[in-house]
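Two chains, two frames, a set of hints: combine them into the complex.
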Amino acid sequence: MCGTCGCGEGEMAINGHRHATEAVAGHTHAPGTSQARMVQIEKDIFAKNDGYAARNRRHFAAEQVLALNLVSSPGAGKTTLLTQTIVGMQASRPIAVIEGDQQTSRDAERIRATGAPTVQINTGKGCHLDAHMVGHALDRLTLTHGGLLFIENVGNLVCPAAFDLGEAHKVVILSVTEGEDKPLKYPDMFHAADLMILNKIDLLPHVNFDVEQCIAYARQVHPGIEVLPLSATRSDGMTVWYAWLDRAARARHESSEKPPVDKSARRQPTDRLSSEA
Amino acid sequence: MHEMSLCEGVLQVIEAEARAQHFLRVRRVRLEVGALACVEPEAMHFSFDAVTRGTLAQGAKLEIIRVAGEAWCLSCARAVSVDRRYENCPDCGSVLLQLTGGEELKIKSLEVE
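Protein sequence lines correspond, in order, to chains A and B. If you're matching positions, the first sequence starts at 38 in our numbering and goes up one per residue. If you're matching positions, the second sequence starts at 7 in our numbering and goes up one per residue.
Everything labelled a hint here was simulated from the structure, so no lab data went into it. Mixed in with the good hints, there may be bad ones.
As the list claims (entries may be wrong) - Listed below are several chain B residues computed to face chain A (Cβ distance under 10 angstroms; list not exhaustive):
| # | residue |
| --- | --- |
| 1 | Met10 |
| 2 | Pro47 |
| 3 | Leu111 |
Unchecked claim - For lysine-lysine, the following DSSO-like pairs were computed, each having C-alpha atoms within a straight-line distance of at most 27 angstroms:
| # | chain 1 | residue 1 | chain 2 | residue 2 |
| --- | --- | --- | --- | --- |
| 4 | A | Lys162 | B | Lys112 |
| 5 | A | Lys222 | B | Lys114 |
| 6 | A | Lys222 | B | Lys112 |
| 7 | B | Lys67 | A | Lys85 |
| 8 | B | Lys67 | B | Lys112 |
| 9 | A | Lys222 | B | Lys67 |
| 10 | A | Lys80 | B | Lys67 |
| 11 | B | Lys114 | B | Lys67 |
| 12 | A | Lys80 | B | Lys114 |
| 13 | A | Lys162 | A | Lys85 |
| 14 | A | Lys162 | A | Lys222 |
| 15 | A | Lys162 | B | Lys67 |
| 16 | A | Lys80 | B | Lys112 |
Every residue gets a Cβ at the ideal spot worked out from N, C-alpha and C, and that includes glycine.
Extracted from the complex, chain B is given alone in its bound form (with noise of 0.2 angstroms):
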């Protein structure tokens, strides 16, 4: 359950934008989080509504957009889209895959008032 500790390092990026940017409450939050990402979404809504409980981000809305896998296939020196860390090549099977994307995890933006 370290999403319990992702939602609490959310929480501070939260409390900190409140602060530099005057706003008192929020009422939704959009998250990136890659398919390749070692976060589960299930457990971050879980967890968000928990350590947001009495905080000016109770109740808000966690919206969560997936950023799918990506990885370039040395072999077929193109773009191929991934799943799964150990996936290999969808067109030529070949395991030289370098990830090159769905490993994010970024706050995208707050609606606050």
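Isolated chain A (complex conformation) (with noise of 0.2 angstroms):
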């Protein structure tokens, strides 16, 4: 059992640290002596993450730390991106990250060899990272006051739409090699994240892939999601997408010196409209 929180996480595992297993207890019924009656309850499942995100936004907040949540489906370019990105901004602003997959320590090891501190979390059978997952990494990780911390999701675009994880934004990134329908084939996913990043660009020329419809599709779940067209291994595109991460990060510690808001509000009523709709 962990001795930070009590959990018993299964299978996930922390730059190869398993946590033990805690059986759940068994039920232990007394036959004939109980009643049946109604309990009201009204709780929201996903309290539980949110209460964890909330803590870890709180922590980033402290910390002036500009925290990313990157999604896509698996082999579009995140891990590319995210070296890339290290190698052309670490002199400006220091980059930490926090790798979801099911397995391996692989893409954890491209990463590091860039230099920037990394934590691998496995998930085992997980097909998402949570708050509480995110909470135990940030423990085994020094964040510079000021920095940036990218969380690299696992690759799929359904599970983790449904979790916060504490970060100001989520980033999904969509490869031209897949397809431009994407947006409403998987439109949780869009319509939580703030940025939508078109990766390999340089491979337009090879493939059937319409960016203007792929875009219009985006905006129609998610009228106000940003769009930046890029190529990681090429470097085009790369800069602009320095500049939003510039950009971000200021409105991130324009808005530390007010009380950190919680995100857990954004499953209340209230979807945003952009005025570019």
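What follows is the structure, given as structure tokens:
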């Protein structure tokens, strides 16, 4: 059992350290001694995750760190985008990384080769990172004041949409080797993300991908979503991405002078609308 | 299959309530699920049975109450119902819709003994 919060997390492991699994309490049914009754609960199922997310968010605010949750399908180029970003930006901003994968530390090793502090979370059978796992990873990661933290989620366009990790923004990465209609097929993710990166644009001459149509689909799902086309391998558009990060980091610093906003409120009926719509 | 971890979350809430409200067994769990919540009811049923095996909620019936998606159309200035996130207003076709309901994922009540 985890000494920090008492959790038993099954197959989840951080930097290869596995949490011991604690058996769930068995039922102690005393037949014939009890009577059926109703218990009103009214509890949000995400409340526990959102509590950990709020804690992570307070930590980021205290350190004035801009935390981004990178989500995509497997193979869209998250890790390459990260290694290139670290190489391009590390001189101006300290960068740390939390890597999420079901198995192996291969991606963490790629990131560590750039010199950025990296913690690997293996989710085991899990299909997404949750705020609790990220909280544990943060225990092993020293954040530099005013820096950036990239949380590379498990490659999956479905489940990570539902879990707030405490990030300032979800950034969804879609590569042009995928279908341009992915925003319609996986609307929850494109709805949850504030920025869509269209990666691998160097391959556009070789693939059948309509950029304008893809952006139109993304804005149909989320009218306010920002879009950055780039190629992480050929460096096209990377300076625009760095400028976006700088802008987001400045906005983060300004907002952290005020009390941090509890993003669990996002689940309340207040969808953003953009003037661009 | 994040429904599996959601069901683990449901079970944790139930176990905490069992200690607080002194019950030993759960017969029925009523769950409110919005049409726009990232949850598939079939997967919830499947995961619930798997997660509750060997616990105080083993064999409990999971009852899912669907809540319709609802939005405020800025053009019509009235509430309309929507089934998906990217739907236009069913009346005027506008995309300027503000979601007002249908993202719920909440345990409403338990039938316990």
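Inset, instruction - Please flag the earlier hints that this structure goes against, numbers listed from lowest up. - result: Hints 2, 5 and 9 are the ones this structure does not satisfy, whereas the remaining hints hold.
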